[in-house]
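One-letter residues, chain by chain:
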Amino acid sequence: MLNFETTVQDSKSYGDLTLSEVEPILKINLRSNKREFSTKIGKLLSIIPPIEANTSSSNEDYSILWLSPDEWLIYSNNKISYEQQNLLEENLFNNISNTNQGSVTNVTDHWVMINLKGSKIYDLLSKSSPYDFKNFKMKKGSVAQTLLNHTDVILHNIDDNNLNLFVRRSFSEDLWLWINDSARFL
Amino acid sequence: MSQELRINNNKFIDQTTRLSFKFNGEKLYGYKGDTLASALLANNIHLVGRSFKYHRPRGIMTCGSEEPNAIVQIGNDPSLTDPNVRATEIELYEGLEAFSQNCWPNVKFDIGGINNLLSPLLPAGFYYKTFMWPASFWEKYEFFIRHSAGLGKSPTKPDPDIYDHKYYHCDVLVVGGGISGIMAAKLSAENNNETLLLDDKNILGGATIYQNNDCFQIDGTHTNYWLEKEINKIKNIKNLTIKTRTSLAAYHGYNYLLAKENLTDHLSPDERKGKIRQRLWKIRAKKVIIATGSIERPLIFNNNDRPGIMLSSAIKKFIDFYGVKAGKEISLFTNNDSAYETAISLKKSGVNIVSIIDIRDKSSSKIVKEVEKHNIKIYWKHTIVNTEGYRRISFIEIMKLSDDGSGVIGKKIKLKTDCLGISGGWTPMVHLFTQSGGKLKFRSDDNVFLPDKNKTPSDQISIGSCNGDFDIKDIILNSNKDVKTFLGIENSSFDNLKVESSKEEMKRNIWLLPSDKPIGKTKPFLDFQNDSTAKDVKLALREGFKSIEHVKRYTTTGMGTDQGKLSNMHALGIIAETTGTNMGELGTTTFRPPYTPLTFGAIVGRNVGEFFDHTRKTAMHNWHVQNKAKFENVGQWKRAWYYPKNGETMFEAVQRESKAARESVGILDASTLGKIDIQGTDASEFLNRVYTNAWSKLAIGKCRYGLMLNEDGMVYDDGVTTRLGENHYIMTTTTGGAANVLTKLEDYLQTEWPELDVYLTTVTDHFSTISICGPNSKKILSKVIPDLDLSDEKFPHMSFKNSIINGIKCRVMRISFTGEHSYEINIQSNYAKHVWELCMDAGKDYNITPYGTETMHLLRAEKGFIITGQDTDGTMTPSDLQMDWIIGKKKFDFIGKRSLYRSDTIRDDRKQLVGLLTDDPKEILEEGAQIVEKLNQKPVEMLGHVTSSYFSPNLNKSIALAVMKSGKKLKGKKFFVPMENKNINVTVTDTVFFDKENKRLNA
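Sequence order for the protein chains is A and B.
Residue numbering for the first sequence follows our numbering, starting at 1 and increasing by one per position.
Residue numbering for the second sequence follows our numbering, starting at 10001 and increasing by one per position.
Don't take each hint at face value.
Pairs of lysine-lysine, DSSO-like flavour, derived with a Cα cap of 27 Å [as the list claims (entries may be wrong)]: (1) 139/A / 10238/B; (2) 120/A / 10273/B; (3) 120/A / 10809/B; (4) 134/A / 10455/B; (5) 120/A / 10238/B; (6) 10744/B / 120/A; (7) 140/A / 10286/B; (8) 10744/B / 34/A; (9) 10484/B / 12/A; (10) 10233/B / 134/A; (11) 120/A / 10243/B; (12) 134/A / 10373/B; (13) 134/A / 10484/B; (14) 10744/B / 134/A; (15) 10243/B / 140/A; (16) 120/A / 10166/B; (17) 134/A / 10282/B; (18) 10484/B / 137/A; (19) 10809/B / 117/A; (20) 10166/B / 137/A; (21) 137/A / 10744/B; (22) 117/A / 10282/B; (23) 40/A / 10809/B; (24) 12/A / 10273/B.
No lab work stands behind these hints, which were simulated from the structure alone.
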């Protein structure tokens, strides 16, 4: 097996704020505007892709984040092995892409997931994100696609003052440094 | 500190905390709560600086952001020194060091003061008139002008302070914490609106918080006590965020506002360490309430600029708020009732008032009567015709005004005074309103520009004195009414307040007060910082300048760091009067952001140093670092440029790497290329439409190179796309073009071709790409992936295979950007570094050589392969690149097709890509160098330029690509590349220099 090497491989604390990379988890991008798509995903993963903008649906194993009217991001809620990732990807690809119901694209290493927890996470985000988090933070499961220090990020509210941040792998080291720098001044 | 000038037990100043500070090197003392200005006045210092042009002595004139004179240099540390800081705004801290600006050797004796004597020779437009000729002398003039221009000294080292940004969203933003702002914030927050209240001072309450006068009462108490209670109440409202020391800098459209919060500027250097200095707030408010108040106007009369001449309202604040007497024998000069409030404050504090000079015939308002009770001498219908005192005012000369106010009559009276308060009425602060797009209207009763309610952008109101209410009764009544309407509130706790005030009954305004001397012999200053006088404005009008914008620039009125907060209205008034125009029709100059100067630090926040720009890194980045790669920026990516060994220069390293790649094997990190996963039943049709060539017949498992054009037919991007399945492709784009290409393609799918069943997903970061090239590349790959059949039959050039490396899936493409036998391994990024290391291990016996982008560029140039953006510049069609073969002429359509057949795009004499060889094979051309045919032609016709140029170690000669007019027809012809000190002879050749038969691809 090849060595697995992510970009951050670290966790940090600043007061009650904790930052940590959570890997390896599976991430799959779904796109479709077909009728049967939602039902198929429901059968395969036991969750339905949300149709309301900026929301998500989750079960014990997976979360599906709404990204656009025809695009979703699935990620595994727990760390899973490479083999399991492959099985799931193949299953989805065979049932969606190969049946022309949409597209299934593995983006596991495209995104790095960083968990942010603590009472000041929104103060941290407000330093460089123009997004209004008022509704986002009140509703568990909310999804936001915004900029953080000019970098595209996807944010998923998983609990009170607890969110997962997805950043593109190539930007992740840079953003991690910025987050840590800004966390010092909260 | 002179205790004679201090009043004890002032509530806003902590007289138990004494602070030492230095001004021009002299150690002085003040108290916590002082500004530098109040502390200097308490030390009996008025003279703080010199004016810009005439170097006249100038003193503290105001108590706020409108200060034109008291601008100082803070600190003498070259990394921290801060120029043009208003002494009236900076809070005193232990150890503060301030210096006067624009004077040498010192503020008391300034050599530049000679300009004052020469002032008759230095009228408005002096520079424009004097330095016009001879034209050749400009550079000499400029040397001296540059040396005398500018105020203050910039720090010479990088700013060590930390600056922060904060985005903030609220229902209601209230700008200004005076009485109307406090009322608005309370009403808003109590009615369930998330409210943000900003004030630039450290204490809320504006001018009312120190208005302790019997004439002004709310519900039977003095206005200051009433307001203090209200402020205490709002501090506990949950929905309300209050930010003091925060000044609003800019009000953009759609209620987007910028404000600067000062966090540590009031602390001593020791207390500041490690803390954020300033924070820039970026505010999106659903509604905005502007309550920015008004500032007092000066009066324009002869020699009105001496130290000791201050705004009357400033004298009042210094005595009531800071507990500092601005003088011992104070006179007041006014055209309205406000100065009488100052008189009462001074009298209460035991300051001797020499006299009040009032240009009005009489006033019988309550406050005037109150002053009269104190037996203060009031000279009605008088004006000041002159002042005396070089470094501090010592005398004033007054005379009676004629009935029409145009002249003076009677005897001159000379009065001794050490401080003169001047009050010319009030100017509403409408800057923010106009910045947001609001239009002003003119109220002629008191000559003020006010927000026009009918031309106010939606979701904002102006209240209080910035809206033209100057009487406390009007302020409370109208603010309450307007805020209730604006926020849809039915009842308010301010509905039934009983307010007592002194109604001003008599007004008189004279923009330029007459003197007993002709105007040419007087110095009535309008702009105190830039030394422009009423005379200058009149001169500008005589010389034909009529627009206020032109007069402003010609005379520099309002162009100082105070941006004319004190001078603009008088300039307008004098223009209107002189030209017989209505002031309302004349309009104002444009109020641009920022309202008060912003530091560059606050603007950039933390995006300095390592955070100046993003750094994108590939999965192998650390390997490149460990192996001493030099990096180049490609977009935001850090790409390995070359890997110098044993002190090699870049040229030497690139020569070595290029040779190794051709002779044995080279390895390149190609991960930065954009990768787009394309799926859907119409994927082939989609590619047909975006690329110039045909895609429908590309077999599964095969790769094809494509050129993407813009709508104008010019080359936009290029790359290899691979058919992974029936309806599945992976497209590669250029590194720099990746994001734009994806956006453009998605845009086409959503807006132009919604009928296509195609889905795009970027996988640029998911896959890392390792490119192995050279005659031994097959041997390396067979070691890394032993199970993969690499025979030319099973795995020919331009095809791909799915494979597995140590249990991890990968895609291997046999494609080449160097002309060598090459493979690209695409693998999930988190495993890529290990695969790279496996390749390096496998290549040990073959001298595998990592190469960077420079060698990649050289190798592809040997083959004549273009780089989009280097050999193309947005004006090159495929035909210009001599790539007609890639245009699918039978295709129904593709982006840019129609443009390829325009008369301009089919011209024969367009610039076309050619190869160039220098006659001297060792001579390397410079990229960008021009190509000419005739050396002695003037002007010389430039036929084209060099786009790529290298010394090829594999050909042992210099090679170049260039674009030349009619290039296709020029093969074999000779030209010149003129350089600074020589002319290089070149010959046009084919664009392919190496392995024209492509034998090496299958070697």
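- Task: Against the structure, test the hints numbered earlier, and report the numbers of the ones violated in rising order.
- Result: Structure breaks hints 3, 4, 6, 9, 12, 14, 15, 18, 19 and 21.
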